[in-house]
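S.K.: Using the sequences and the hints, build the whole thing.
Per this note's numbering, the sequence shown starts with residue 42, numbered consecutively.
Because the hints were derived from the structure by calculation, they are not lab data. Since the model is a prediction, treat every value here as computed from it, not as a measurement. Hints are not guaranteed to be accurate.
As the list claims (entries may be wrong) - Below 27 Å or equal to it, Euclidean Cα-Cα: the simulated BS3-like pairs (lysine-lysine) are: (1) LYS222 - LYS308; (2) LYS234 - LYS308; (3) LYS222 - LYS234.
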Amino acid sequence: MNRNFRTLLSEARDVIRKKETSLQHLALDLGLRRGHTDYTRFIILARSRTGSNLLRGLLMQHSRVLSFGEIFRSPEVIDFDLPGYEPSRGALALYRRDPVRFLATQVFRRVPVRVQAVGFKLFYYHARAQPWQAIWECLHDLAELRVIHLRRRNILRTHLSRARAERSDRWVNLSGEAEDKEPLELNYEACLKDFIQTRQWEQAADEHFAAHAKLVVCYEDLAEDYQREMARLAPFLGLLDEPLAPQTRKQAQQPLRAAIANYAALKQQFAGSEWEVFFEE
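M.R.: The following block contains the structure:
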């Protein structure tokens, strides 16, 4: 089978899958297929480089979960990031005109009866421009919403991870392939700004969703024992625990003193500050 034929076959399958999904949605909306809206609604609240792909990948494997991607990341496109979910022109127009109605009719919509939880990733800085900013108040007013607040204890590692990804332009590791381990030099002012901004985002998010059921998940715990963390997460979402396996691989996890070229200088600059704990290994 030549490469061109394989490519055409793959594209044809994608088209068929998208058509099937659209027809399934239509059948649910018209009541021609059994469906319901009595499921757990959730968000994965986080910032970049905190393990959101790892967590979402695990949730996507659960037979009772629909876990979408960074839907509100861009005003130009809808990032459902689920096989078969391709936004129509009408959905994109609605997304741009009335994002709250889009959320109600395209995300938290009628789903097959097997689905018990539906959610998506929402970063602190998503949907901050009009008209998408209304999403934050809509979610705030959704009393039954469950919030998974994903954080990383060591923000220095978050900052380093992003710097590595920007240098390599490699944001997700699906293959487990070895990665570039050349040390990076980090700027003190940039680190400080990121530490302060991340902590402010975390605190503001906690305040915004103070009245909601919330579960804090730390990347370090998820990476160390994802089965334990998913067993903790399942009942929070009203699910039975299922055996799951990661779909992404951890990015390079060198000791910080090996990964950061100017580690000693940075450690000295942050000594005595509230951020010095990030340099204790």
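S.K.: Confirm or reject each hint.
M.R.: Verification of the hints:
1. LYS222 - LYS308: 20 Å, holds
2. LYS234 - LYS308: 16 Å, holds
3. LYS222 - LYS234: 25 Å, holds
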